[in-house]
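Asks: Position 21 (the sequence shown) corresponds to 20 in numbering that gives the first Met the number 0; numbering is contiguous.
It is possible that some hints are incorrect.
Computed spacing ranges between beta-carbons, pair by pair [said to hold, decoys possible]:
| id | residue 1 | residue 2 | range |
| --- | --- | --- | --- |
| 1 | A63 | E26 | 18 to 24 angstroms |
| 2 | D33 | G54 | 33 to 39 angstroms |
| 3 | R52 | H7 | 27 to 33 angstroms |
Don't read these hints as lab results, they were simulated from the structure. A virtual CB, placed ideally from N, CA and C, is assigned to each residue, including glycine.
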Amino acid sequence: MSAGSQIHHPSPGDLALFALDGGLPEEAADHVRDCASCRSTLAQFLRVTEAARSGDSDPVRPPAELWKMIRDQL
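Produce the entire structure from the sequences given, and follow the hints as far as they go.
Replies: Okay, here's the thing in structure tokens:
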């Protein structure tokens with residue numbers, strides 16, 4: 000990997016905000032399209048967001064690894 004091709008993952012916070020309002024910067028959106036890990040994290044946030052907006056009485060429980068990522072960021 001060359002110095003110019005360093006991976007810059009969007010933060011979990013940025014991915015969560017995108018799940019809420021779709022406001023992911025173009026560079027981050029390009030990265031998410033190419034990064035399976037970031038796509039997976041975003042998909043998890045989107046499932047939780049969609050469940051919350053739908054008003055379902057049985058909320059979606061985020062996967063345990065998502066909580067670990069959040070704890071690691073604190």
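Asks: In ascending order, which of the hints set out earlier in this document are inconsistent with the structure?
Replies: 1
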